[in-house]
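Enquirer: Modelling step: build the complete structure from the supplied sequences, incorporating the hints.
Protein chains: 4
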Amino acid sequence: MHTYQHEVKYYECDRMGITHHSNYVRFMEEARVDLLDHLGYGFDRVEAEGVVSPVISIQCNYKHPTTFKDVIDIDVWISKLSDLKFDFSYEMRVGGKIVCTATSTHCFTENNRPVVIAKRLPKLYQAISQE
Amino acid sequence: MHTYQHEVKYYECDRMGITHHSNYVRFMEEARVDLLDHLGYGFDRVEAEGVVSPVISIQCNYKHPTTFKDVIDIDVWISKLSDLKFDFSYEMRVGGKIVCTATSTHCFTENNRPVVIAKRLPKLYQAISQE
Amino acid sequence: MHTYQHEVKYYECDRMGITHHSNYVRFMEEARVDLLDHLGYGFDRVEAEGVVSPVISIQCNYKHPTTFKDVIDIDVWISKLSDLKFDFSYEMRVGGKIVCTATSTHCFTENNRPVVIAKRLPKLYQAISQE
Amino acid sequence: MHTYQHEVKYYECDRMGITHHSNYVRFMEEARVDLLDHLGYGFDRVEAEGVVSPVISIQCNYKHPTTFKDVIDIDVWISKLSDLKFDFSYEMRVGGKIVCTATSTHCFTENNRPVVIAKRLPKLYQAISQE
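Residue numbers (this note's numbering), protein chains in the order written: chain S, 1 to 131; chain B, 1 to 131; chain V, 1 to 131; chain H, 1 to 131.
FYI, nobody ran anything at the bench for these hints, they're computed from the structure.
Careful: at least some of the hints might be erroneous.
What the hints assert, rightly or not - Okay, derived cross-link-like pairs now, DSSO-like style, lysine-lysine, Cα gap no bigger than 30 Å in a straight line:
(1) V/K9 - B/K97
(2) B/K123 - S/K63
(3) V/K69 - B/K69
(4) V/K63 - H/K80
(5) S/K9 - V/K9
(6) B/K69 - B/K9
(7) H/K80 - S/K85
(8) V/K85 - B/K123
(9) V/K9 - S/K69
(10) V/K123 - B/K9
(11) H/K63 - B/K9
(12) V/K80 - B/K63
(13) B/K63 - B/K97
(14) B/K80 - V/K123
(15) B/K123 - B/K69
(16) S/K85 - S/K63
(17) B/K80 - B/K119
(18) V/K9 - B/K69
(19) S/K80 - H/K9
(20) B/K85 - B/K63
(21) S/K97 - B/K85
(22) B/K123 - B/K97
(23) H/K80 - H/K119
(24) B/K9 - H/K9
(25) S/K123 - S/K63
(26) S/K69 - H/K80
(27) V/K63 - V/K85
(28) B/K119 - B/K85
(29) B/K9 - B/K63
(30) S/K63 - S/K119
(31) B/K80 - B/K63
(32) V/K80 - V/K97
(33) V/K63 - V/K9
(34) H/K63 - H/K9
(35) V/K69 - V/K9
(36) V/K9 - B/K85
(37) S/K119 - S/K80
(38) V/K69 - B/K119
(39) S/K80 - B/K63
(40) B/K9 - V/K9
Expert: So this is what it looks like as C-alpha cells:
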C-alpha cells in the first residue's frame, strides 16, 4: 500500500464551495501514477515501450465533501490482478475521516490490442503481484 | 429519456490523443443538468430554494475512446428513485457506437441534512417519477 | 469575423459562484478552433501535415463576471499576421455586455522549428489574410 | 519573492504531449495563494472578512513547453501596488530554464464594489508593501 497526498486547489472547488466531484477521478490518477513510480514502473517507462494503459472503468463513493486547502491522504493499492486487467483501490481521508473510496480497472494495450501483462510486461507484473 | 450532445474539445484530450477519462464525469453532469432543465427543474431553481444536490457515487464504463471533435450523443434518464436518493443512467454514443455507459447517484440536502424528496420537492418528485 | 457560443457549465464555476478565470483561456481555444474550421483549415488538418501550432502568449481582460448557464458570444478574428506569427483577438459578450476581451499569439512549428506560414501553409495563409 | 513548486500531472497534458497552456493560469493561482498564505493572509481569511479578490487581467508568455512530471519552480512576487489594484509577477522555470513568464492584476471587492486596500485591509496592505 502506498499513500499519496493532494492538497485541494482553489480552482478545484465549485459553486457549492466544495471540491467538484470530477476532480477525485484526477486525484486517483495522481495517486496511481505515484504508486507505479514507487514500484519503479512509471507511465513514461511503460509508454516508452509502446504500451498504453487505458482506464476500463471507475467507481467513486463520495462520503464527505472536501474543500480548498484540505490535504487529502490517498491510500492506493492494487486490489485485483488477472491476465489482462488489474484494479486499483483508493481510500481518501482528511484528518483521518474517510471522504471518498474508489476503484479503477485498467488494462494495457499495444497497437490497440490488449496484452497479457505477465508476458509483455513481466517486471511490472512481478512488482504488482508483490504489492 | 433525454439526449444531450457534447462535442469533444481540444483541451479535453490527453497525451494519448483521446478524451481524458475524468471528463466523462463532467459530460454526465452537463447531460443531467440539461435533463433537469428540460423537466423545468434546473439546478438554479433547486439552489434558489436553499437545497443542494450532492453526488453520492458515480460509475463509468469506458467502452471506446473518443477524441477531439467527436460529437457524443448522451442519453440520460432517471433509472431509480427512492425517498432519499435517485440515480441517473447514461449511454454515450459516437456515430451510433457506444463509447461509455455510466450511472450516478444523488440526494438533496438542506442545511447539510438529507431531505425526503417527495415532501420537500414534490413537483420535482412528480416530474422525475413520470420520466 | 466569426462568432462562437459557449454556455457556461456548472463545473466551470468556482467558490465565488462565477466562471473561473482560467476557463476563458479554454473558451478562446474553442472559438479559434471554430474559426479555423470555418476557414476550412482545422487543427486536425494542420496536425495531419505534421505541423503543430503552439501558443506564444495570451492576454485576457476580465470586464464582468459570468456564471452557470450564461451564454457567451465570442467574436474572434485574426488581428495580426506576420511571416512567423499571428494574433487572434476575442470579444466576449453576454446579452450584449462585454465580459472579457483577449488576444492570443501563435506560430506554427515543424520538428520544433518555426515555419514561414506563407511558404509552408500557403492556403491557410491566404485564408487568414482575407479574413 | 516566494517560490512555489508545481509538478505537472498527466491530465494537465494535451494531444501535443505538453502541458495545456490554460493550466499555467491555474499554476499562477496556486503560486499567489501560497504567497498570500506565507504572508499570513490567505484567501480564506480574506473571504471570511466578506471581501473577494477578482482577477482583472492576466498575461502569459510561453517560452518553452513543459510536460508530465516536470517540476516547475514558480517565483511569484508583488510587482505593483496602488490604492485599488495590485499585480503579481511570475517566473516559471524547469531545471533553471525559463518556461513561462506572467503577470496578473487583481483588486478586492466588497458587495461588488472595489475597496481601497490600505483602508479596508491595512494589515494585508502592509504585508504586501514590505514584500
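Enquirer: State for each hint whether it applies.
Expert: Hints versus structure:
no.: 1; hint: V/K9 - B/K97; in the structure: holds (26 Å)
no.: 2; hint: B/K123 - S/K63; in the structure: holds (28 Å)
no.: 3; hint: V/K69 - B/K69; in the structure: holds (22 Å)
no.: 4; hint: V/K63 - H/K80; in the structure: holds (20 Å)
no.: 5; hint: S/K9 - V/K9; in the structure: holds (19 Å)
no.: 6; hint: B/K69 - B/K9; in the structure: holds (6 Å)
no.: 7; hint: H/K80 - S/K85; in the structure: violated (55 Å)
no.: 8; hint: V/K85 - B/K123; in the structure: violated (56 Å)
no.: 9; hint: V/K9 - S/K69; in the structure: holds (24 Å)
no.: 10; hint: V/K123 - B/K9; in the structure: holds (25 Å)
no.: 11; hint: H/K63 - B/K9; in the structure: holds (24 Å)
no.: 12; hint: V/K80 - B/K63; in the structure: violated (44 Å)
no.: 13; hint: B/K63 - B/K97; in the structure: holds (9 Å)
no.: 14; hint: B/K80 - V/K123; in the structure: violated (54 Å)
no.: 15; hint: B/K123 - B/K69; in the structure: violated (38 Å)
no.: 16; hint: S/K85 - S/K63; in the structure: holds (27 Å)
no.: 17; hint: B/K80 - B/K119; in the structure: holds (17 Å)
no.: 18; hint: V/K9 - B/K69; in the structure: holds (18 Å)
no.: 19; hint: S/K80 - H/K9; in the structure: holds (25 Å)
no.: 20; hint: B/K85 - B/K63; in the structure: holds (27 Å)
no.: 21; hint: S/K97 - B/K85; in the structure: holds (23 Å)
no.: 22; hint: B/K123 - B/K97; in the structure: violated (36 Å)
no.: 23; hint: H/K80 - H/K119; in the structure: holds (17 Å)
no.: 24; hint: B/K9 - H/K9; in the structure: holds (19 Å)
no.: 25; hint: S/K123 - S/K63; in the structure: violated (36 Å)
no.: 26; hint: S/K69 - H/K80; in the structure: holds (27 Å)
no.: 27; hint: V/K63 - V/K85; in the structure: holds (27 Å)
no.: 28; hint: B/K119 - B/K85; in the structure: holds (13 Å)
no.: 29; hint: B/K9 - B/K63; in the structure: holds (19 Å)
no.: 30; hint: S/K63 - S/K119; in the structure: violated (39 Å)
no.: 31; hint: B/K80 - B/K63; in the structure: holds (23 Å)
no.: 32; hint: V/K80 - V/K97; in the structure: holds (25 Å)
no.: 33; hint: V/K63 - V/K9; in the structure: holds (19 Å)
no.: 34; hint: H/K63 - H/K9; in the structure: holds (19 Å)
no.: 35; hint: V/K69 - V/K9; in the structure: holds (6 Å)
no.: 36; hint: V/K9 - B/K85; in the structure: holds (24 Å)
no.: 37; hint: S/K119 - S/K80; in the structure: holds (17 Å)
no.: 38; hint: V/K69 - B/K119; in the structure: holds (28 Å)
no.: 39; hint: S/K80 - B/K63; in the structure: holds (20 Å)
no.: 40; hint: B/K9 - V/K9; in the structure: holds (14 Å)
Violated hints for the displayed structure, listed by number in ascending order: 7, 8, 12, 14, 15, 22, 25 and 30.
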